[in-house]
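These protein sequence lines are chains A and B, in that order.
Position 44 of the first sequence, counted from 1, bears residue number 44 in the UniProt record's numbering, the numbering being contiguous throughout.
Position 159 of the second sequence, counted from 1, bears residue number 159 in the UniProt record's numbering, the numbering being contiguous throughout.
Among the hints, erroneous ones may be present.
Computed Cβ-Cβ distance ranges for the label pairs, DEER-style [to be verified]: (1) A/E289 - B/E128: 46 to 54 angstroms; (2) B/I8 - A/D135: 55 to 63 angstroms; (3) B/S59 - A/G169: 31 to 39 angstroms; (4) B/S250 - A/E38: 27 to 35 angstroms; (5) A/D331 - B/R293: 34 to 42 angstroms; (6) A/G169 - B/E353: 53 to 61 angstroms; (7) B/E64 - A/E353: 53 to 61 angstroms; (8) A/E353 - B/D358: 33 to 41 angstroms; (9) A/D221 - B/D7: 43 to 51 angstroms; (10) B/E347 - A/G169: 26 to 34 angstroms; (11) B/D46 - A/W34: 29 to 37 angstroms; (12) B/E234 - A/E289: 39 to 47 angstroms.
In silico contact screen, one side only, chain B against chain A (beta carbon under 8 angstroms); selected entries [what the hints assert, rightly or not]: (13) S252; (14) E275; (15) E353; (16) R354.
Some chain A residues close to chain B (C-beta under 8 angstroms, calculated; not the full set) [as the list claims (entries may be wrong)]: (17) E17; (18) T20; (19) P24; (20) S179; (21) L183; (22) S185; (23) G187; (24) Q226; (25) A231; (26) L254; (27) A255; (28) C257; (29) T258; (30) S260; (31) R354.
Derived from the structure by calculation, the hints contain no laboratory data.
We put the CB at the ideal spot given by N, CA and C, even for glycine.
Protein chains: 2
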Amino acid sequence: MSDFDLDIDDLTARDWEGETDAEPVRFALVGLGWWTREQAIPAMVDADYAEPTVLVSGSPEKAEDVAADLDTVTATLDYDEYADGDATDDYDAVYVCTPNALHPEHVEAAADHGKAVLCEKPLAADLEGAETAVDACRSADVPLMVAYRVLTSPLARRARELVRDGAIGEVVSVLGHMSDTILDSAGPDSWRLDPELSGGTTINDIGIYPLSTMRFVLDADPRAVQATTTAAQEAFEGVDEHTAFTLEFSDSLLAACTASHSAEVVSSLRFVGTEGELTLEGPFFPDSEKTLRLSTGDTESEFRPDTANQMREEFDYFANHLQRDEPFEPDGETGLVDMRLIEALYESAESGERVEVDA
Amino acid sequence: MSDFDLDIDDLTARDWEGETDAEPVRFALVGLGWWTREQAIPAMVDADYAEPTVLVSGSPEKAEDVAADLDTVTATLDYDEYADGDATDDYDAVYVCTPNALHPEHVEAAADHGKAVLCEKPLAADLEGAETAVDACRSADVPLMVAYRVLTSPLARRARELVRDGAIGEVVSVLGHMSDTILDSAGPDSWRLDPELSGGTTINDIGIYPLSTMRFVLDADPRAVQATTTAAQEAFEGVDEHTAFTLEFSDSLLAACTASHSAEVVSSLRFVGTEGELTLEGPFFPDSEKTLRLSTGDTESEFRPDTANQMREEFDYFANHLQRDEPFEPDGETGLVDMRLIEALYESAESGERVEVDA
């Protein structure tokens with residue numbers, strides 16, 4: 001077996017970056033909720049190839065408040081003004097970060113205006129909405145990326161290379177976990193707890209991270225799923241607070257995941273193969289410490305790279321690809337596959353039965 | 001929150017050990033397969049409170065061969081001689097390590113002879129057999145321990161204390177994994193691959209480790225299960241080579257596991273709580289390196305104790321308890337709960353449906 005020497009620099013490098021003389025991509029940020037304000041804006045301000053120029057919100061006051069701290073912003077719009085095409089000269093691309101059920105209409109508007117789209121995951125609250133969004137971008141011939149920031153991160157990209165190169169042999173088992181404390185971060189009134197707006201609370205919002213990242217690393221899609229969901233706290237009545245699910249990729253590749261919206265903020269993803277094991281600690285949070293462990297036979301390596309904020313990397317990945325007119329990986333089709341799988345997971349949780357998926 | 005200072009010595013200490021002047025417990029080893037010869041005998045020779053004195057095998061030549069290297073052995077028997085009560089003066093206790101389906105008859109014979117029993121896990125190939133074994137020991141009033149060596153190990157016992165003491169808050173998610181390469185260790189002709197003799201190959205033989213250990217650490221039993229099993233290699237035709245399963249303990253506690261008989265020899269068990277995370281690396285193999293990681297808020301600790309061989313600890317735990325006439329924890333009732341859960345897991349894998357268990 002060949003050597004898989006890992007260099008710590010590989011775990012911070014932008015393997016996707018290309019030279020460009022283009023001006024920064026100017027973004028309209030659609031939706032100014034907790035995530036946009038606390039995570040997306042600071043990351044975009046810090047980015048090399050992207051800058052926020054237009055803010056779109058249902059609340060003009062909120063938009064003005066946020067704009068006051070941002071010297072690149074040239075316009076604030078409400079949703080009707082955005083839909084009507086106001087200030088389209090002020091932005092090149094749109095970052096959609098609204099409740100999931102509203103993604104499709106905002107993506108459609110962007111497509112109508114001929115703007116490139118970075119849409120938060122999941123693509124929509126249901127498969128039909130996701131198809132609407134993808135179709136709109138395809139018809140208008142505008143680029144659509146789904147905001148799987150993890151897939152633009154060096155940790156996930158290097159993990160995929162290691163697996164592809166056979167560092168742990170054939171992958172046999174995968175274990176994933178993600179948890180946070182949503183009542184503390186987004187609060188009990190968050191749309192994430194409203195099934196109409198979210199389409200699902202825990203699988204949809206965070207279970208999607210181990211799901212999409214393992215699909216990316218394995219370059220494979222599950223053929224069947226099983227899921228269990230539960231809720232204990234009153235704020236989660238009628239939605240899923242905790243989940244455990246399994247994914248059947250093939251006769252020799254199975255995965256199991258847990259996710260919770262009411263636990264310590266931790267995440268992990270572990271691949272066990274015929275010749276070793278590869279573990280990512282903290283892969284799914286923008287700012288968490290990251291660790292990569294690789295053990296093959298008698299060799300064990302551990303890396304704790306000082307990685308960049310994932311949201312910044314995601315914005316730069318998207319913008320740098322737009323500037324160079326290059327295709328990106330987390331595209332609409334990838335987002336649709338996850339939507340089919342998420343629908344199947346919720347169906348399984350509801351029926352208690354294994355659900356086959358033609359992903 | 002109080003401090004959970006862990007001392008490395010806690011991870012090697014025998015918290016169960018009691019003083020005794022008694023002679024070592026003399027064991028009849030019933031079944032001289034790969035595990036008994038390569039794992040059990042060296043461990044028992046090394047033990048403080050146990051010694052092998054009688055060897056029982058279907059092959060007199062094998063028994064003589066093995067006995068030739070052991071100066072404590074005073075008798076070798078075939079299965080009929082053992083059942084008939086030959087040489088009962090030469091042993092105090094019986095270690096049953098035959099194919100699962102044969103456990104009950106050997107346990108019954110031991111009970112008839114009034115001998116204490118240490119029976120390998122799972123208790124039998126099916127629930128009925130397990131009940132036969134437990135009933136026989138109960139009627140004869142002989143002690144029965146199921147050989148969950150992990151539950152006698154300092155790593156699992158200290159993990160249970162940490163969880164009990166609230167070191168990670170309320171446990172919300174558990175992730176477990178165990179894999180080995182059975183075709184290399186036990187070989188393709190092993191009874192483990194014969195469903196009649198084993199009652200199941202991967203869930204039964206190794207999936208049981210994360211299952212029983214998390215039940216022990218959590219002091220809780222699942223109320224429902226889901227499982228998927230697959231087989232890819234020809235040697236596993238008609239049995240399970242790989243598995244992924246979920247366990248539903250309560251509305252706020254779910255677990256997910258993977259296990260494979262055709263992967264790198266690795267294992268892990270991870271508990272995520274409302275205030276931290278506790279991870280055991282390598283918990284399920286007798287000789288593997290062990291690591292315990294505990295993270296709570298901003299504090300992260302990692303311990304790599306130089307733990308003793310688990311089989312030696314198990315034999316000493318059992319023997320030391322017998323010498324002092326003290327009850328032990330991995331008893332017949334614990335074994336029966338796992339048998340009910342394993343039956344439910346295989347039923348779920350067969351039907352594709354969630355199965356409720358009155359464990």
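Now the hints, each set against the structure:
Roughly 51 angstroms separates the CB atoms of A/E289 and B/E128, a value that falls within the hinted 46 to 54 angstroms. Between B/I8 and A/D135 the beta carbon distance is about 60 angstroms. The supplied range of 55 to 63 angstroms therefore holds. At about 36 angstroms, the CB distance of B/S59 to A/G169 agrees with the hint of 31 to 39 angstroms. At about 32 angstroms, the CB distance of B/S250 to A/E38 agrees with the hint of 27 to 35 angstroms.
At roughly 37 angstroms, the beta carbons of A/D331 and B/R293 sit within the given window of 34 to 42 angstroms. For A/G169 and B/E353, the Cβ-Cβ distance of about 33 angstroms falls outside the hinted range of 53 to 61 angstroms, so the restraint is violated. Under the hint 53 to 61 angstroms, the C-beta atoms of B/E64 and A/E353, about 55 angstroms apart, fit the expected range. For the hinted restraint 33 to 41 angstroms between A/E353 and B/D358, the CB-CB distance of approximately 21 angstroms leaves it violated.
Between A/D221 and B/D7, the C-beta spacing of about 47 angstroms keeps the proposed range 43 to 51 angstroms intact. For the hinted restraint 26 to 34 angstroms between B/E347 and A/G169, the CB-CB distance of approximately 32 angstroms keeps it satisfied. Checked against the hint of 29 to 37 angstroms, the pair B/D46 and A/W34 fails, with Cβ atoms roughly 58 angstroms apart. Between B/E234 and A/E289 the beta carbons are some 44 angstroms apart, a value that agrees with the proposed interval 39 to 47 angstroms.
Taking 8 angstroms as the C-beta contact cut-off toward chain A, the hint placing B/S252 at the interface holds, the least distance being around 4 angstroms. At about 6 angstroms, the closest approach between the beta carbon of B/E275 and any beta carbon in chain A falls short of 8 angstroms, and the interface hint on this residue holds. The beta carbon of B/E353 is positioned within 8 angstroms of a beta carbon in chain A (closest approach about 5 angstroms), and the interface hint is therefore held. Look at B/R354: its Cβ gets to within about 3 angstroms of chain A, closer than 8 angstroms, so that hint holds up.
Evaluation of the A/E17 hint against chain B yields a violated restraint, the C-beta minimum of about 32 angstroms exceeding 8 angstroms. The criterion of a C-beta within 8 angstroms of any C-beta in chain B is not met by A/T20, whose closest approach is roughly 40 angstroms, and the hint is violated. The closest approach between the C-beta of A/P24 and any C-beta of chain B is roughly 36 angstroms, which is over the 8 angstroms cut-off, so the hint fails. With a cut of 8 angstroms, the hint placing A/S179 at the interface with chain B holds, because the nearest CB-to-CB distance is about 6 angstroms.
Because the smallest distance between the Cβ of A/L183 and any Cβ of chain B comes to about 11 angstroms, over 8 angstroms, the interface hint for this residue is violated. Because the smallest distance between the Cβ of A/S185 and any Cβ of chain B comes to about 14 angstroms, over 8 angstroms, the interface hint for this residue is violated. With 8 angstroms as the threshold, the beta carbon of A/G187 stays out of range of chain B, its nearest partner Cβ sitting at about 17 angstroms, so the hint is violated. A cut of 8 angstroms between beta carbons decides the hint on A/Q226: the least distance to chain B is about 5 angstroms, and the hint holds.
This hint holds: A/A231 has a C-beta 7 angstroms from the nearest C-beta of chain B, less than the 8 angstroms allowed. Residue-level restraint check for A/L254 holds (minimum Cβ-Cβ distance to chain B is 4 angstroms; threshold 8 angstroms). At a threshold of 8 angstroms, the smallest CB-CB gap from A/A255 to chain B is about 6 angstroms, leaving the interface hint in force. Annotation: A/C257 was flagged as interfacial toward chain B, and the flag holds, the nearest CB pair being 6 angstroms apart, inside 8 angstroms.
With 8 angstroms as the threshold, the beta carbon of A/T258 comes within range of chain B, its nearest partner Cβ sitting at about 4 angstroms, so the hint holds. With its C-beta approaching chain B no nearer than about 5 angstroms, A/S260 sits inside the 8 angstroms limit, and its interface hint holds. A cut of 8 angstroms between beta carbons decides the hint on A/R354: the least distance to chain B is about 4 angstroms, and the hint holds.
Consistency note: the structure conflicts with the earlier hints numbered 6, 8, 11, 17, 18, 19, 21, 22, 23.
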